[in-house]
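Generate coordinates for the entire structure from the input sequences, incorporating the hints supplied.
Each chain is listed here by its residues.
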Amino acid sequence: MTFSLNEIEAMSKRAARGAGLPWGLCEEAAKGTRWLASFGLPGPALLADLLELNDRLPPVDLSPISLSGDWRAPAGRLSPLIAGSAMSDSAMRMDQGDTITMVNVSFPLLVVPFASGAALRLQGAVTVEWGDVHLTTDGLNLCIQGPDAALNAAHANSLRCFASAGMTAPKAPVVRGTLDSDVAARLNAFAHRTYAPATEQSRLLGAGAGLSDND
Amino acid sequence: MTQERQAGRHVPLRDPRDVMRLARLGALHQSRLSFMRILTRRMARENWRFNRTAFEINTQGVGHAVYTAHTPTRSYSLVAFAHDLPPEQRSDRVIATAWDATFTLFDGVPTADDITRLSQNVPLQEAGRVSQTELSVSRANRSVRLWEHVVASLAAGDQPDMARIKAVGYLMRTTAVYGSGKLGAADREMIADRPEFNPPFQVEMLSVFLTRAFVRDLVQHMANTRGGDQTATLDGNISRHMGIGNSTGLGMAPFLLNHPVLFNNWVAAREEALARVRAIKAARDGEITLFEQMLDRSALSAQQWHSDHPIQIKKLAQLRADLDSTDLRAPDPWDTLYLWAEANLSLEGQECLASLLLEPYGALVDELSEHMAADNTPTFRIAGAMTLGALRGILETDYGWALNTDWSAPENRARAWYVSEEKLEPRLGDRFKEAIEDYEQPLAPGRDAATLFAAIAHWPDDTPVAEFLLRHPEHRHILRRAQIVNRAPYAEIRDNTIAETVLPIDMLRCKLAFFGASHFDPRSDRWVRICMYGGAPFPEDLCPDTADTWVYPQLEDDT
Chain A
1 MTFSLNEIEA MSKRAARGAG LPWGLCEEAA KGTRWLASFG LPGPALLADL
51 LELNDRLPPV DLSPISLSGD WRAPAGRLSP LIAGSAMSDS AMRMDQGDTI
101 TMVNVSFPLL VVPFASGAAL RLQGAVTVEW GDVHLTTDGL NLCIQGPDAA
151 LNAAHANSLR CFASAGMTAP KAPVVRGTLD SDVAARLNAF AHRTYAPATE
201 QSRLLGAGAG LSDND
Chain B
1 MTQERQAGRH VPLRDPRDVM RLARLGALHQ SRLSFMRILT RRMARENWRF
51 NRTAFEINTQ GVGHAVYTAH TPTRSYSLVA FAHDLPPEQR SDRVIATAWD
101 ATFTLFDGVP TADDITRLSQ NVPLQEAGRV SQTELSVSRA NRSVRLWEHV
151 VASLAAGDQP DMARIKAVGY LMRTTAVYGS GKLGAADREM IADRPEFNPP
201 FQVEMLSVFL TRAFVRDLVQ HMANTRGGDQ TATLDGNISR HMGIGNSTGL
251 GMAPFLLNHP VLFNNWVAAR EEALARVRAI KAARDGEITL FEQMLDRSAL
301 SAQQWHSDHP IQIKKLAQLR ADLDSTDLRA PDPWDTLYLW AEANLSLEGQ
351 ECLASLLLEP YGALVDELSE HMAADNTPTF RIAGAMTLGA LRGILETDYG
401 WALNTDWSAP ENRARAWYVS EEKLEPRLGD RFKEAIEDYE QPLAPGRDAA
451 TLFAAIAHWP DDTPVAEFLL RHPEHRHILR RAQIVNRAPY AEIRDNTIAE
501 TVLPIDMLRC KLAFFGASHF DPRSDRWVRI CMYGGAPFPE DLCPDTADTW
551 VYPQLEDDT
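Going down the list, the protein sequences come from chains A and B.
Residue 215 is where the first sequence ends in my numbering, and the numbering goes up by one at each step.
Residue 559 is where the second sequence ends in my numbering, and the numbering goes up by one at each step.
It is possible that some hints are incorrect.
Among chain A residues calculated to face chain B with C-beta under 7 Å, some are [what the hints assert, rightly or not]:
| # | residue |
| --- | --- |
| 1 | 4 |
| 2 | 5 |
| 3 | 7 |
| 4 | 23 |
| 5 | 24 |
| 6 | 63 |
| 7 | 74 |
| 8 | 86 |
| 9 | 88 |
| 10 | 90 |
| 11 | 198 |
| 12 | 200 |
In case anyone wonders, no lab produced these hints; they're calculated from the structure.
By construction, the Cβ of each residue, glycine as well, lies at the ideal position given by its N, Cα and C atoms.
Here you go:
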């Protein structure tokens with residue numbers, strides 16, 4: 001089934017919130033998922049996997065302990081949303097030739113949208129690579145190299161991000177996403193946690209009704 | 001020409017700390033830069049053609065119709081479905097499940113297969129599904145007050161009573177107009193590079209413009225069905241007064257908070273326009289005459305503005321008094337007049353004047369409509385190298401009001417925005433009386449900025465925000481906003497959006513004024529009815545002479 005990218009973004013944001021992430025990271029998850037979906041990549045499915053893996057865990061457990069040296073999480077595995085955000089926030093370091101290395105990162109494809117943000121900030125291309133996978137983006141387009149299985153891997157032992165020379169065979173985004181109904185259902189199950197149960201009081205007070213509207 | 005008259009003068013943009021207060025935003029008026037007027041000007045300028053390619057509606061008022069607008073390069077079709085709605089199901093509330101009419105704006109001209117597919121989905125609204133060839137989805141209900149009167153009058157061979165038409169202002173009111181990818185429709189990115197859709201909300205405004213023609217035709221059809229040969233044809237001078245109503249609840253209020261860059265661009269365009277006009281050294285006779293005409297017509301509009309809600313009646317009284325006391329013979333140009341207004345008029349009067357001042361100067365300000373859209377991509381990413389010292393400075397400058405607010409006082413955080421389980425719509429609840437805090441949406445930037453300010457108090461000035469966020473991801477949302485406001489000063493409402501005293505209608509009014517709506521009629525502090533396209537030409541009457549100032553009633557209409 002096809003979805004608008006806005007729908008994918010909205011669904012992802014609510015799902016991330018339902019899994020306990022702070023709002024700022026939910027926004028990152030939503031934008032990133034939308035970005036991946038626009039290239040036909042399974043961002044929504046991987047997000048659902050990640051939210052199930054890290055459901056309601058404290059973000060700090062899955063964050064880099066330090067931005068110096070290789071990035072590692074206290075709990076042993078990095079969240080790609082948190083480490084990816086930190087990578088985007090640290091974009092200027094890559095401009096100076098640094099490589100950011102993430103050790104043991106879950107669902108590495110979810111890091112790639114943050115490289116697009118970094119690329120826009122650096123006004124140059126940024127490469128993300130793990131195993132046999134190399135992805136380069138200038139922020140708008142994406143070059144994909146590597147087998148699907150590795151691309152959609154649940155885990156990468158080591159992932160590197162760095163500023164790179166340029167783009168070969170770039171792919172442009174399409175403005176439509178596809179989503180299996182089971183992925184949508186998994187994300188919506190998380191999203192559902194963010195909705196306050198309706199009460200008659202909120203039904204009347206909350207929406208401001210009460211006057212006749214049939215006139 | 002106008003550039004010369006501007007030489008040497010500089011009038012600064014109004015301070016966002018004044019402009020972005022809720023009381024002022026809640027007093028905004030439509031202007032040349034309102035989205036409806038941007039559209040009608042373009043349609044006339046580009047000589048868009050319109051035709052009705054289907055009107056298959058039976059004697060019960062059930063069926064479909066298609067209205068197509070042809071731009072110089074593309075076509076867009078309103079596909080309208082008319083229904084026979086039992087009165088007990090007629091509700092403006094978003095939780096309604098059936099409507100008098102439902103619509104979609106189709107990208108192109110629909111085939112019979114498209115109509116079949118749409119007929120199975122559009123009438124269901126949220127319970128249906130559309131595709132990327134659909135640009136909007138909307139629905140409307142009849143004004144029971146007026147519909148029967150118009151049908152009965154025409155069927156009896158008479159024209160409807162103008163006073164009754166003016167009292168209501170519309171035959172149908174939309175209760176939602178969805179665009180930008182909702183319910184599976186096309187994302188804005190798919191159409192944003194089309195010049196006609198560059199300014200915001202042009203899809204929605206086109207949909208409503210065509211809806212108005214459909215509603216006029218439908219009421220005539222129903223009258224013809226009832227009255228047969230003796231039925232009168234609705235007089236064009238009467239139908240012109242009929243706009244399309246809109247009933248808007250809380251769902252729209254968070255929009256301005258959720259789209260800070262877009263909101264900034266709307267306000268910044270209007271502020272830039274105002275500053276340009278205030279910078280004009282000498283006004284020409286024709287410009288003064290045009291201003292005076294629009295002022296008189298605006299005063300007439302205020303007199304015709306019916307509202308039962310006490311808050312609005314008070315605002316109306318202020319506006320009427322303000323307009324009556326305006327010295328139309330003021331010898332100095334617009335800056336003087338504006339500064340006088342700032343010192344002497346209510347916010348309602350000041351903002352009415354600010355919009356009116358733009359009227360004689362289309363050549364100077366209309367191009368700003370091309371800068372009201374927003375691409376959020378560049379501002380979304382956090383600049384992690386910014387120091388906490390710089391962030392502190394932004395918070396002190398742009399959230400000063402919030403840092404001076406006592407957030408421990410219950411009245412300052414009495415409300416919470418949340419999303420309800422049914423219909424997934426934003427609601428505003430009582431934080432201390434309802435079990436909603438766990439579900440709170442991030443719609444209180446002032447409180448969050450003050451919390452962030454306290455959280456960085458013990459951190460060194462030279463620490464990059466990236467380091468801080470690694471420890472405190474809970475501040476990522478508001479830190480992003482602060483960086484946005486630093487670049488886009490009109491992005492943030494500089495007022496408490498969760499205070500006991502907050503009036504969500506201020507946010508609704510602000511957004512609807514940018515749409516170009518008039519005759520705001522709040523039904524409560526969080527639900528407002530308005531009129532769109534009242535006085536506007538119908539498609540066949542649209543031309544450069546009729547395309548722009550229709551929003552002001554004609555003085556000869558004062559009967």
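Hints and how they fare:
At about 3 Å, the closest approach between the beta carbon of residue 4 of chain A and any beta carbon in chain B falls short of 7 Å, and the interface hint on this residue holds. Among the interface hints, the one on residue 5 of chain A holds; its C-beta lies about 5 Å from the nearest C-beta in chain B, closer than the 7 Å criterion. Annotation: interface hint on residue 7 of chain A holds; nearest CB of chain B at approximately 6 Å, less than 7 Å. With a least beta-carbon distance of about 4 Å to chain B, the hint placing residue 23 of chain A at the interface is held under the 7 Å criterion.
The criterion of a C-beta within 7 Å of any C-beta in chain B is met by residue 24 of chain A, whose closest approach is roughly 2 Å, and the hint holds. Interface hint at residue 63 of chain A: satisfied, since its Cβ lies 6 Å from the closest Cβ of chain B, which is below the 7 Å cut-off. Annotation: residue 74 of chain A was flagged as interfacial toward chain B, and the flag is violated, the nearest CB pair being 12 Å apart, outside 7 Å. Hint status for residue 86 of chain A: holds, given a least beta-carbon distance of 6 Å to chain B, under 7 Å.
The beta carbon of residue 88 of chain A is positioned within 7 Å of a beta carbon in chain B (closest approach about 6 Å), and the interface hint is therefore held. Contact between residue 90 of chain A and chain B, as hinted, is supported at the beta carbon level, the nearest pair being about 5 Å apart and thus within 7 Å. Annotation: residue 198 of chain A was flagged as interfacial toward chain B, and the flag holds, the nearest CB pair being 5 Å apart, inside 7 Å. Contact between residue 200 of chain A and chain B, as hinted, is not supported at the beta carbon level, the nearest pair being about 11 Å apart and thus beyond 7 Å.
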